[in-house]
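Visitor: In case you want the letters, here they are:
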Amino acid sequence: MVKAMANIDRDTIVNAMIIALLVSLPAIAWWLGEIYYLNLASRVVILAIAGVGLNLALGLGGMVSFGHAAFFGLGGYALGMNVSTALEGAAVVTWPIAISGSASFLVCFLVALIAAGCVAAIVGVLSLRTSGVYFIMITLAFAQMIYYLAVAIPAYGGEDGLPIYERSRLPIGDLSDPATFFVLCLVFLGLSLAVFRQISRSHFGAALRMARINEKRLATSGIEPIPIKLTAFVISALITATAGMLFADLNGFVGPSMLSWKMSGEIMIFVILGGIGRLMGPVIGATAFVLLETFIGGVTDRWGLFLGLALLSVVLFAKGGLIGLLTGHDRHD
Amino acid sequence: MTAMTEAGSEGKPVLEVTGVSKAFGALKAVDDVSLSVNRGDLHALIGPNGAGKSTLIDLMTGWQRPDAGTVTFNGHDVTDASVAKRAAMGLGRSFQVSSLAPELSILDNVLLAAQGRQTSSFRFWTSVYDDESLMASAVEALGAVGWTKPHTAPVSQLSHGDRRQIEVACAMALKPTVLLLDEPAAGLDAEGSRELTEFLATLKGKIPMLLVEHDMYAVFTLADRISVLVNGAIIASGSLDEIQQNEEVRRAYLGDNVHVSGSTC
Numbered sequence: 090m091v092k093a094m095a096n097i098d099r100d101t102i103v104n105a106m107i108i109a110l111l112v113s114l115p116a117i118a119w120w121l122g123e124i125y126y127l128n129l130a131s132r133v134v135i136l137a138i139a140g141v142g143l144n145l146a147l148g149l150g151g152m153v154s155f156g157h158a159a160f161f162g163l164g165g166y167a168l169g170m171n172v173s174t175a176l177e178g179a180a181v182v183t184w185p186i187a188i189s190g191s192a193s194f195l196v197c198f199l200v201a202l203i204a205a206g207c208v209a210a211i212v213g214v215l216s217l218r219t220s221g222v223y224f225i226m227i228t229l230a231f232a233q234m235i236y237y238l239a240v241a242i243p244a245y246g247g248e249d250g251l252p253i254y255e256r257s258r259l260p261i262g263d264l265s266d267p268a269t270f271f272v273l274c275l276v277f278l279g280l281s282l283a284v285f286r287q288i289s290r291s292h293f294g295a296a297l298r299m300a301r302i303n304e305k306r307l308a309t310s311g312i313e314p315i316p317i318k319l320t321a322f323v324i325s326a327l328i329t330a331t332a333g334m335l336f337a338d339l340n341g342f343v344g345p346s347m348l349s350w351k352m353s354g355e356i357m358i359f360v361i362l363g364g365i366g367r368l369m370g371p372v373i374g375a376t377a378f379v380l381l382e383t384f385i386g387g388v389t390d391r392w393g394l395f396l397g398l399a400l401l402s403v404v405l406f407a408k409g410g411l412i413g414l415l416t417g418h419d420r421h422d
Numbered sequence: 020m021t022a023m024t025e026a027g028s029e030g031k032p033v034l035e036v037t038g039v040s041k042a043f044g045a046l047k048a049v050d051d052v053s054l055s056v057n058r059g060d061l062h063a064l065i066g067p068n069g070a071g072k073s074t075l076i077d078l079m080t081g082w083q084r085p086d087a088g089t090v091t092f093n094g095h096d097v098t099d100a101s102v103a104k105r106a107a108m109g110l111g112r113s114f115q116v117s118s119l120a121p122e123l124s125i126l127d128n129v130l131l132a133a134q135g136r137q138t139s140s141f142r143f144w145t146s147v148y149d150d151e152s153l154m155a156s157a158v159e160a161l162g163a164v165g166w167t168k169p170h171t172a173p174v175s176q177l178s179h180g181d182r183r184q185i186e187v188a189c190a191m192a193l194k195p196t197v198l199l200l201d202e203p204a205a206g207l208d209a210e211g212s213r214e215l216t217e218f219l220a221t222l223k224g225k226i227p228m229l230l231v232e233h234d235m236y237a238v239f240t241l242a243d244r245i246s247v248l249v250n251g252a253i254i255a256s257g258s259l260d261e262i263q264q265n266e267e268v269r270r271a272y273l274g275d276n277v278h279v280s281g282s283t284c
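These protein sequences, in sequence, are chains A and B. First residue of the first sequence: 90, per our numbering; consecutive thereafter. First residue of the second sequence: 20, per our numbering; consecutive thereafter.
Please note that a few of the clues may not be correct.
Unchecked claim - The calculated lysine to aspartate or glutamate pairs, modelled on EDC-like cross-linking and capped at a C-alpha distance of 16 angstroms, are: (1) K194/B - E159/B; (2) K104/B - E382/A; (3) K223/B - D208/B; (4) K104/B - D77/B; (5) K408/A - E122/B; (6) K168/B - D181/B; (7) K47/B - D96/B; (8) K351/A - E382/A; (9) K305/A - D86/B; (10) K104/B - E313/A; (11) K225/B - D243/B; (12) K47/B - D77/B.
Simulated from the structure, these hints should not be mistaken for lab results.
Please work from the sequences and hints to get the whole structure.
Guide: Written as structure tokens, this is what we have:
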């Protein structure tokens, strides 16, 4: 009991330190005028949000989705298509009715949520009756279908992708300012972490956890497993789509690479590297990933070797991921 | 099927299967079986291995759909209802092979059953541990099975007998209107089996039960009615005396040298 208390305290301290670093280092970069590092921090935060999304499905619900790039990319295209057509004064949809594009962040956000939510519901309904390797393959197949769809439509850049020449607009604040944009990303990370935390403690979270561990027990307890898993899958997709939208806004570009299976794999790496099912796992995982990519990638093109070694060590020796190493225990309950 | 005797039934059927059949390929696992669990009754289902007992339980709980026949629970036709729907209506069951979530605590396991019966699981923002009525139901269910040890330990640390007890507690947390117990004494030692029998005796009369059991001590001590399933069909159904006198049962199942005087065999 005393040990458990100590662990809870250590968890809180580690989480607080991660958040403090996530806020203070970019603040220092901004103060020194190092815009590059501020944008790098935004990248970390955005990828962390994508990881938090997948963590809800994978960590809490045990749904090994190898297609979350679909939702990441849909979020990106929702913003890219809207903003780029708005800047040209063109229509984003011409049939059945013409709707002109919007450069408003909130409109893009809404479109991203609706698009990702609908696609996730369809993919979920068709894939959640399977499990294990079949579930992985079906989610991958759907994501690849959307990838090739994006490649095949030349109006939105096709294979080359779609440049977005300006950031989207908010009623307050100028998102073209890197510091403002970083704060916006941070707010969304905070929101997604709050959603994850609340859900993991809720009635829904208890059912979802049992769906992961023992579906038979869940049904025997009077709770239908499929609706629980489907709902979690959709919420997970919404969070990851939000990240994709921010990612396109940050880069001023959206392309099929955001929809590729490599992206799905990277999001999964954030979660596994950081700690599956752990609140701050994807945050640490995405941070470690971007640091490796940036700093070791700056020295050698073969930075993937180091990523592979890190991932291998975590899977073999630290079941709780990097967060498990920091907090000294491999489960969060 | 006419072997079922309605004589001496203490109440209306709570759970009833009528003419159910289930075949797996050429194998008729359950063949035109009718059986009811009546209010106030403890109905024991016995039969040799491979007789179709587990399939019959699966048909009652919804893990399998019958090829023919109907399943009625609390006056509703639940033949096509899902496992979860039936459980949420108050059909509690324990599994032959313990089926708990090992890495979760005892309380978590029991709490979920209370949640399935009492409230919506689509509550995203309220902490499940702050739900006092669920907590009370879980503690009550643990009390009902006589669990006096702490309930924070993970199930993986429990002995086999303790897991059996927790599994019954999960069924009790559903506030069941009927309990299906699939070989609850399997793997228990003599003392564990006796404790279980004593516990079931305390429930008897309060909750209608269907007890599938190999342990004849438990069956003969507890059962109001016994049905004998052999090769997917019920060959006899009746009181303890009637079953003991039944020549067909003796030949098929009990053997000739069974003495029934409350001793374990």
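Visitor: A separate judgement is required for each hint: does it hold in the structure or not?
Guide: Evaluation of the provided hints:
Of the supplied pair hints, the one linking K194/B and E159/B holds, its CA atoms being roughly 10 angstroms apart against a limit of 16 angstroms. With a C-alpha separation of about 50 angstroms, the suggested pairing of K104/B with E382/A is violated against the 16 angstroms cut-off. Between K223/B and D208/B the alpha-carbon distance is near 22 angstroms, which puts this suggested pair outside the 16 angstroms criterion. At most 16 angstroms may separate the alpha-carbon atoms for a hinted pair to count; K104/B and D77/B meet this at roughly 14 angstroms.
For the suggested pair K408/A and E122/B, the alpha carbons sit about 15 angstroms apart, so the restraint of at most 16 angstroms is met. With a C-alpha separation of about 10 angstroms, the suggested pairing of K168/B with D181/B holds against the 16 angstroms cut-off. Between K47/B and D96/B the CA atoms are separated by roughly 23 angstroms; this puts the pair beyond 16 angstroms, and the hint is violated. For the suggested pair K351/A and E382/A, the alpha carbons sit about 14 angstroms apart, so the restraint of at most 16 angstroms is met.
For the hint pairing K305/A with D86/B, the CA-to-CA distance comes to about 22 angstroms; that exceeds 16 angstroms, so the pair is violated. Of the pairs offered as hints, the one joining K104/B and E313/A holds, with about 7 angstroms between alpha carbons and a cut-off of 16 angstroms not exceeded. About 13 angstroms separates the Cα atoms of K225/B and D243/B, which keeps this hinted pair within 16 angstroms; it holds. The suggested pairing of K47/B with D77/B holds, with an alpha-carbon distance near 14 angstroms, which does not exceed 16 angstroms.
The structure fails hints 2, 3, 7 and 9 (numbered hints given earlier, in ascending order).
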